[in-house]
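2 protein chains.
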Amino acid sequence: MSNVSNSNIPEKTIERLSEYRRSLLSCHKQGITHIFSHVLAGMHGITAVQVRRDLMLIGFSSDTKKGYDVKVLIEFINNILDSESVMNIAVIGMGHLGQAITKYFNSKGLKLRIVTAFDIDPQKVGTTIDDIPCYHMNQFEEVVSSMDISIVVISSPTRVAPTLVVPIINAGIKGVLNFTSAPLHFPPGIVSENYDITTILEKVAYFVKERDENNNKN
Amino acid sequence: MSNVSNSNIPEKTIERLSEYRRSLLSCHKQGITHIFSHVLAGMHGITAVQVRRDLMLIGFSSDTKKGYDVKVLIEFINNILDSESVMNIAVIGMGHLGQAITKYFNSKGLKLRIVTAFDIDPQKVGTTIDDIPCYHMNQFEEVVSSMDISIVVISSPTRVAPTLVVPIINAGIKGVLNFTSAPLHFPPGIVSENYDITTILEKVAYFVKERDENNNKN
Numbered sequence: 009m010s011n012v013s014n015s016n017i018p019e020k021t022i023e024r025l026s027e028y029r030r031s032l033l034s035c036h037k038q039g040i041t042h043i044f045s046h047v048l049a050g051m052h053g054i055t056a057v058q059v060r061r062d063l064m065l066i067g068f069s070s071d072t073k074k075g076y077d078v079k080v081l082i083e084f085i086n087n088i089l090d091s092e093s094v095m096n097i098a099v100i101g102m103g104h105l106g107q108a109i110t111k112y113f114n115s116k117g118l119k120l121r122i123v124t125a126f127d128i129d130p131q132k133v134g135t136t137i138d139d140i141p142c143y144h145m146n147q148f149e150e151v152v153s154s155m156d157i158s159i160v161v162i163s164s165p166t167r168v169a170p171t172l173v174v175p176i177i178n179a180g181i182k183g184v185l186n187f188t189s190a191p192l193h194f195p196p197g198i199v200s201e202n203y204d205i206t207t208i209l210e211k212v213a214y215f216v217k218e219r220d221e222n223n224n225k226n
Numbered sequence: 009m010s011n012v013s014n015s016n017i018p019e020k021t022i023e024r025l026s027e028y029r030r031s032l033l034s035c036h037k038q039g040i041t042h043i044f045s046h047v048l049a050g051m052h053g054i055t056a057v058q059v060r061r062d063l064m065l066i067g068f069s070s071d072t073k074k075g076y077d078v079k080v081l082i083e084f085i086n087n088i089l090d091s092e093s094v095m096n097i098a099v100i101g102m103g104h105l106g107q108a109i110t111k112y113f114n115s116k117g118l119k120l121r122i123v124t125a126f127d128i129d130p131q132k133v134g135t136t137i138d139d140i141p142c143y144h145m146n147q148f149e150e151v152v153s154s155m156d157i158s159i160v161v162i163s164s165p166t167r168v169a170p171t172l173v174v175p176i177i178n179a180g181i182k183g184v185l186n187f188t189s190a191p192l193h194f195p196p197g198i199v200s201e202n203y204d205i206t207t208i209l210e211k212v213a214y215f216v217k218e219r220d221e222n223n224n225k226n
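Protein chains in written order, with our numbering: chain A, 9 to 226; chain B, 9 to 226.
If we strip away everything but chain A, and leave its shape as in the complex, we get (with noise of 0.2 angstroms):
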């Protein structure tokens, strides 16, 4: 699904330390200040063991008698995930999808930030959306400049998304999230991931079918 590979640290390591970090900001909300590693596993659904190599990988070790310190394993997370600025994302498509992940995203006060969205919907286009302002797509590269966007969504209609590589690549985008059915492919260069709905809820059908077809064979 994905051409982000060649960091010292995993794709999937990387994954759960932004589901890990979730969680401990929940806590440190509710004042907890420290988590045992098989409590932090236990949210998360998978082995303390799992959760200790995640932070060997990262350098952090210290467990402590009444588990890791929340709050810095927070920071220590943030050192590991966060840019130093922040970056700033572009929504392409501002239909349901786009408006959905971009409310999502900004109310989450993260170091990501959707900052603006384009479409070609004249009822959008010259608007302020949840408060970002809505460009036409043929403005997509003087804005990105302008408003120094390294990363975008997709969350146009599928049969557009094609069109969108060529612009995006000589826009000088850096990073691109896709969630339309098209897979998009982009010079090693750019960091993308295709994430398709449509596969993760086939999936789950799928394994529903085969444990009632288990089940009825048993």
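These are computed hints drawn from the structure, not numbers from a lab.
All residues carry an ideal CB built from backbone N, CA and C; glycine is no exception.
Errors might be hidden in some of the hints.
[To be verified] These stretches of chain B come out as covered by chain A in the derived footprint (C-beta under 8 angstroms, 3 or more residues):
1) 102-116
2) 156-162
3) 184-193
4) 205-219
[To be verified] For the chain B half of the interface with chain A, some residues (derived, Cβ under 8 angstroms), not all of them:
5) Arg-30
6) Gly-53
7) Asp-77
8) Val-80
9) Asn-96
Fit chain B to the given chain A structure using the hints.
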């Protein structure tokens, strides 16, 4: 991220079969009758060896000099992935994300159909959104039973998600696809996937940052 496992076919292969099928359907629409493994591979940014291995795993081997017969291969994948009967899906949380998912799915003519939604917003309950009826969550068990729902998609606010676990178990749901940031855990009899969009965007951002740092070093 998931607790599906334990089928003869690996999860990743199931995901790729779903992706191959979408590409094959698109080829079929364009009148393409045959496709070589390396062409199919190229469409998904993977190797031909991977494609052949996946198809071997499901027992498909009718590779000819002209490549795979597109229509036959689609049928073959249908037999693996699809249930004989239509599987009914409900969406819990009919905000932007819920509506995006519903529109997206039901326009695709899949065997999976979103047939109903649940919310607690009085503006939504009792109405029809994109042709599907929206019920109040307090009717959940009753509607799941009368409409024969086997899978739910959770697109509620994250803070609500943990309160849904017990109703889902009680209603006899068999599969859960959770899009919120709260990882949910279900008993082994229920197939579940936690699929948090934030994680993937943070991962893309991380690898963009890594590349930048490596480029600066060189």
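These are the hints, each one checked on the structure:
no., hint, in the structure
1, 102-116, "holds (count 10)"
2, 156-162, "holds (count 3)"
3, 184-193, "holds (count 5)"
4, 205-219, "holds (count 15)"
5, Arg-30, "holds, 5 angstroms"
6, Gly-53, "holds, 5 angstroms"
7, Asp-77, "violated, 22 angstroms"
8, Val-80, "violated, 20 angstroms"
9, Asn-96, "violated, 10 angstroms"
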